Amino acid sequence: AQKITQTQPGMFVQEKEAVTLDCTYDTSDPSYGLFWYKQPSSGEMIFLIYQGSYDQQNATEGRYSLNFQKARKSANLVISASQLGDSAMYFCAMREGTKAAGNKLTFGGGTRVLVKP
Amino acid sequence: GAVVSQHPSWVICKSGTSVKIECRSLDFQATTMFWYRQFPKQSLMLMATSNEGSKATYEQGVEKDKFLINHASLTLSTLTVTSAHPEDSSFYICSAVGPLAGEYNEQFFGPGTRLTVL
Chain A
12 AQKITQTQPG MFVQEKEAVT LDCTYDTSDP SYGLFWYKQP SSGEMIFLIY
62 QGSYDQQNAT EGRYSLNFQK ARKSANLVIS ASQLGDSAMY FCAMREGTKA
112 AGNKLTFGGG TRVLVKP
Chain B
770 GAVVSQHPSW VICKSGTSVK IECRSLDFQA TTMFWYRQFP KQSLMLMATS
820 NEGSKATYEQ GVEKDKFLIN HASLTLSTLT VTSAHPEDSS FYICSAVGPL
870 AGEYNEQFFG PGTRLTVL
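Going down the list, the sequences are from chains A and B.
Note that this note's numbering has the first sequence beginning at 12, numbered continuously upward.
Note that this note's numbering has the second sequence beginning at 770, numbered continuously upward.
With the rest of the complex left out, here is chain B (with noise of 0.2 Å):
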């Protein structure tokens, strides 16, 4: 199936602090990506969904001011939690589609990223 990155894996970092989470789409071109946030033994949460180009759509709760997601090209997605506090900390995952990229048109996963504020 079609490859997903994201970077870092994991980041510690101190309350106040902004971190950028990137997504990248290795071998398809994604015109849409998605972000989650996963707590332990939870599902996924919908943070926002991004079109490259254009703003991203956050879901109902989801402060646009905290998470910034910018969607700059079709193999790039990121996400900036800014000012960071411990109930930021979670698991960040990305997802992405693409018109050639998998028969469902399924999103495809990144590996995700474990946020840890302190």
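So that you can see chain A by itself, here it is in the shape it has in the complex (with noise of 0.2 Å):
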């Protein structure tokens, strides 16, 4: 079974109009993190904002924020008042354990996003 699914391959957005981002996962480990990255096309993985799995607040950094719901097991990625330069790749991924370095993140299989002007 897929631990982290995106269900949504692309998606168009106007410009300065907020888009969600789907991401649900599997893991019967009480302790985890979600994670979002935004990857260009240059390629590199920029970190977005992160969730604990015993955060009891939905995280936000600025203009991206985290719609999570524990029970349904979803971390969705809001963006508001897109920008052309939100135009890129987004992943979603999981640790599983505590926050110790070393622990692995399993990616989704991603969303590329379009922002129209």
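Do not take every clue at face value.
Coverage of chain A stretches by chain B, computed from C-beta distances (three or more under 8 Å per stretch; other residues unrestricted) [unchecked claim]:
hint, segment
1, 40-53
2, 57-68
3, 119-127
Restricting the straight-line Cα-Cα distance to at most 27 Å, the calculated cross-link-like pairs of lysine-lysine (DSSO-like) are [claimed, not checked]:
hint, chain 1, residue 1, chain 2, residue 2
4, B, 789, B, 824
5, A, 115, B, 835
6, A, 115, B, 789
7, A, 14, B, 810
8, B, 835, B, 789
9, A, 14, B, 833
10, B, 833, A, 115
11, B, 824, A, 115
12, B, 810, A, 127
13, A, 115, B, 810
14, A, 84, B, 810
From the derived model, a few chain A residues whose C-beta atoms are all more than 10 Å from chain B [to be verified]:
hint, residue
15, 25
16, 31
17, 115
I should point out that these hints are in silico values taken from the structure, not numbers from a laboratory.
Remember, it's a predicted structure, so these values are computed and weren't measured experimentally.
Don't be surprised by glycine CBs; every beta carbon is placed ideally from N, CA and C.
Each chain sits in its own coordinate frame; assemble them with the hints.
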């Protein structure tokens, strides 16, 4: 079974509008972390936002927010006020276990976002 | 955030030759480094995890004799693709984590190396 599922292979969004990228995960470990990374065409992976399994509040970081629904095992990324520079590939990833150095990340298949002017 | 560099950014080589890719953490000590492979329009596939001073742990299906990983210091890991063949052509990305880098112990990624084997 897939541990991280991103069901939207690609999306268009109008500039200045918000977009939600879906991510569902599967784990039996009570302690885990969820990450979102952005990969522009240059190839570099840019860390956007993190949500820990025990965090009580949804994570926010500037225009990025995470809609964390633990019971449904979903961690959707919301990008508000989209900008042309947001056009990129977005990956959801999970780290199982505690926040200790060395834990692996499992990545979803990614969602390509194209922001239209 | 913390900075990770990779060198070279791209390389073209002939079939049968070996290629070395370097991954450096520039402003933090990386206790663990990871090597990924990414095919066009696909996700990242973890190849191996390397800890400074110890042997790398390879993922299932990754040939350790073909993809040699050395993590000689807390700031440098190298991936050597030995006897490269066209099917090894891919985008290789490294990442690093360290105890003093990143609030969430997140992995910091290098810019990647595009390998083309002719």
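Hint check results:
1. 40-53: holds (count 4)
2. 57-68: holds (count 4)
3. 119-127: The restraint on the segment 119-127 of chain A holds, since 3 of its residues have a Cβ under 8 Å from chain B and three suffice.
4. B:789 with B:824: holds, 17 Å
5. A:115 with B:835: Distance ~22 Å between residue 115 of chain A and residue 835 of chain B Cα, so the pair holds.
6. A:115 with B:789: Holds: residue 115 of chain A and residue 789 of chain B sit about 23 Å apart, inside 27 Å.
7. A:14 with B:810: Answer holds: residue 14 of chain A to residue 810 of chain B is near 19 Å, not above 27 Å.
8. B:835 with B:789: With Cα atoms ~12 Å apart, residue 835 of chain B and residue 789 of chain B stay inside 27 Å; holds.
9. A:14 with B:833: holds, 25 Å
10. B:833 with A:115: Within the cut-off at roughly 18 Å; holds.
11. B:824 with A:115: holds, 16 Å
12. B:810 with A:127: holds, 20 Å
13. A:115 with B:810: holds, 22 Å
14. A:84 with B:810: Between residue 84 of chain A and residue 810 of chain B the Cα gap is close to 25 Å, so the pair holds against 27 Å.
15. 25: The claim holds: residue 25 of chain A sits with its nearest Cβ about 24 Å from chain B, beyond 10 Å.
16. 31: holds, 20 Å
17. 115: The claim is violated: residue 115 of chain A sits with its nearest Cβ about 6 Å from chain B, within 10 Å.
Violated hints amount to a single one, hint 17; each of the other numbered hints is respected by the structure.
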